[in-house]
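Colleague: In case you want the letters, here they are:
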Amino acid sequence: MSLGAAAPHLAERSWTDAIRVAVRLVCAVALMLIVIQAAIVVRARPQDLITGAYGMADIIRRAMPPDFSKIDEVWWPALETIDLAIFGTLGGVIMAVPLAILAAVNVTPSRALYYASRGLIGFARAVPDLVWALLFVTAVGLGPFPGALALSVHSIGMLGRLFAETIENMDMAPIDALALTGARRVQIFTHGIIPSILPSLLGIALYRLDENIRSSVVLGFVGAGGIGFELLSAMSLFQYQLVSLLLIVTFVIVIAAERLSAVLRARLG
Amino acid sequence: MLRVCGLTMSYPNGKLALADFELNVAAGEVVVVLGGNGSGKTTLLRCISRTLRPSAGAIWLDDVDLAPLSGERLRRARLPAAMIWQHASLVRRRSVLSNVAMGALGRYSGMWTALGGLPAIERRAAYDHLSAVGLAALAGQRAGTLSGGQAQRVAIARALAQQPRVLLADEPVASLDPAAADEIMRLLRDLATHDHLAVLCVLHQVELAYGYADRVVGIRDGRIVFDRPCTDLPRDAVRELYLSEAA
Chain P
1 MSLGAAAPHL AERSWTDAIR VAVRLVCAVA LMLIVIQAAI VVRARPQDLI
51 TGAYGMADII RRAMPPDFSK IDEVWWPALE TIDLAIFGTL GGVIMAVPLA
101 ILAAVNVTPS RALYYASRGL IGFARAVPDL VWALLFVTAV GLGPFPGALA
151 LSVHSIGMLG RLFAETIENM DMAPIDALAL TGARRVQIFT HGIIPSILPS
201 LLGIALYRLD ENIRSSVVLG FVGAGGIGFE LLSAMSLFQY QLVSLLLIVT
251 FVIVIAAERL SAVLRARLG
Chain W
1 MLRVCGLTMS YPNGKLALAD FELNVAAGEV VVVLGGNGSG KTTLLRCISR
51 TLRPSAGAIW LDDVDLAPLS GERLRRARLP AAMIWQHASL VRRRSVLSNV
101 AMGALGRYSG MWTALGGLPA IERRAAYDHL SAVGLAALAG QRAGTLSGGQ
151 AQRVAIARAL AQQPRVLLAD EPVASLDPAA ADEIMRLLRD LATHDHLAVL
201 CVLHQVELAY GYADRVVGIR DGRIVFDRPC TDLPRDAVRE LYLSEAA
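Chains P and W, in that order, give the protein sequences. For the first sequence, position 38 (counting from the first letter as 1) is numbered 38 according to this note's numbering, and the numbering increases by one without interruption. For the second sequence, position 62 (counting from the first letter as 1) is numbered 62 according to this note's numbering, and the numbering increases by one without interruption.
In short, the hints are calculated from the structure, not lab data. Ideal Cβ placement from N, Cα and C applies to all residues, glycine included. There could be a bad hint or two in this list.
So these bits of chain P aren't anywhere near chain W, every CB distance computed over 12 Å [unchecked claim]: (1) V26; (2) D58; (3) I71; (4) F145; (5) D171; (6) T181; (7) R184; (8) R185; (9) Q187; (10) F189; (11) I194; (12) S196; (13) F221; (14) S236; (15) R265.
Okay, the calculated beta carbon distance ranges per label pair [as the list claims (entries may be wrong)]: (16) W:P178 - P:D176: 24 to 34 Å; (17) W:A136 - P:F145: 52 to 62 Å; (18) W:D128 - P:R185: 27 to 37 Å; (19) W:D195 - P:A126: 54 to 64 Å; (20) P:A30 - W:H204: 54 to 64 Å; (21) P:D176 - W:N24: 35 to 45 Å.
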């Protein structure tokens, strides 16, 4: 091709290149504006980090060494934190399974139930677990029980959605084959659907248990018991050495739960 | 045993998949349906098994017309007809024995089976069915570990657990190697001969049809082109069936 024939194409390309550069420039400016407005809205002051470093160092100095003499007082709240997560996860699974069946497009018995259950699952997920905990503390009083209820209800959101997706993605051929043998709906569910998806459901539930253990620590700050409640009390009373002990125990629990969950999920896979 | 009268199936887009289809399959008989892609073979089986509702016609299974039935009445009426699919469609995480015994679920309505249990008598029967297809040694193995041929034999054993009088098979050897395909067809032939089952089988392999069928039904554009005993079926007629598709 001669240079003359190529010229119109080259001219066309230079225009598209210019537009592409302009679009990139606009995107970069827009991104910068978003970052600046976010910094203004959160009132970010980097100088506070420098002046605050002294206060932080002071707290760390007062928290050392951790007060291991009070370890006996920590076992019970630690157990409470773990049990909060176990109860919350189990409660969530029990409520999420039937909702997930109704919310899975391939097995739901009716369109109305599908939308209703999807709505419930979405609502449970949209409200943060801290808000659920505040509501349940108001309803049933302080202690671990409102925390466990909050975790249960919030877990429905995540579990319900992931369970429903697992059901929707399963191989339907064995289910259809079972239906044609004359098996009833409930038999198809217990003999075909449950065995097919159980490992996936257990994996998701274990992952949620791991998340709930971390959440149960935070829930203590709003009066829902466990280690979080003890942390709040110790900080209010300036018992920083107890705070550091509680943080160490929290770290051990969270890491142990994470590892255990990962190992079990790997075995299920 | 199985009688299809004036079966017509047209899809909502107006496409006529089956037109005034007539077919009889007697006890102890193996009838193979041959035809090109899109000729209506699978639609025929899906209508007979009533996973599709035909637009018109009757499907007599013994003395019951399946065509107008639905819900619980259809489930009950359909019990004497077992279906074998192109893929075995087993529950991969359950044992081979459990998969076979599941074929009997339709006869039970109690709490035990609803909760995932299987009656002991059906487990024993399932073992016998597995022996019949030569896989008793694999009873305790997970279904997901089987080869294609083994899985298809387990699917046949599951169909037998249903205690059917009619076996419908939709390309049961399509995904198998020639040796395994031969084995499956021999098994279906034996079930017809010795257990007096009526077998209606959709196939693409002409040689298998000649080898194991009593009658062959040729189908094109949803209509019967020929319905003849194997011994009286010229190869040209079969070739023409597929040639017209290529054209």
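Colleague: Each hint: holds or not?
Modeller: Now the hints, each set against the structure:
no.	hint	in the structure
1	V26	47 Å, holds
2	D58	58 Å, holds
3	I71	44 Å, holds
4	F145	31 Å, holds
5	D171	8 Å, violated
6	T181	5 Å, violated
7	R184	7 Å, violated
8	R185	10 Å, violated
9	Q187	5 Å, violated
10	F189	9 Å, violated
11	I194	7 Å, violated
12	S196	6 Å, violated
13	F221	42 Å, holds
14	S236	51 Å, holds
15	R265	16 Å, holds
16	W:P178 - P:D176: 24 to 34 Å	28 Å, holds
17	W:A136 - P:F145: 52 to 62 Å	54 Å, holds
18	W:D128 - P:R185: 27 to 37 Å	28 Å, holds
19	W:D195 - P:A126: 54 to 64 Å	59 Å, holds
20	P:A30 - W:H204: 54 to 64 Å	59 Å, holds
21	P:D176 - W:N24: 35 to 45 Å	27 Å, violated
Comparing the model with each earlier hint shows violations of hints 5, 6, 7, 8, 9, 10, 11, 12, 21; every other hint is respected.
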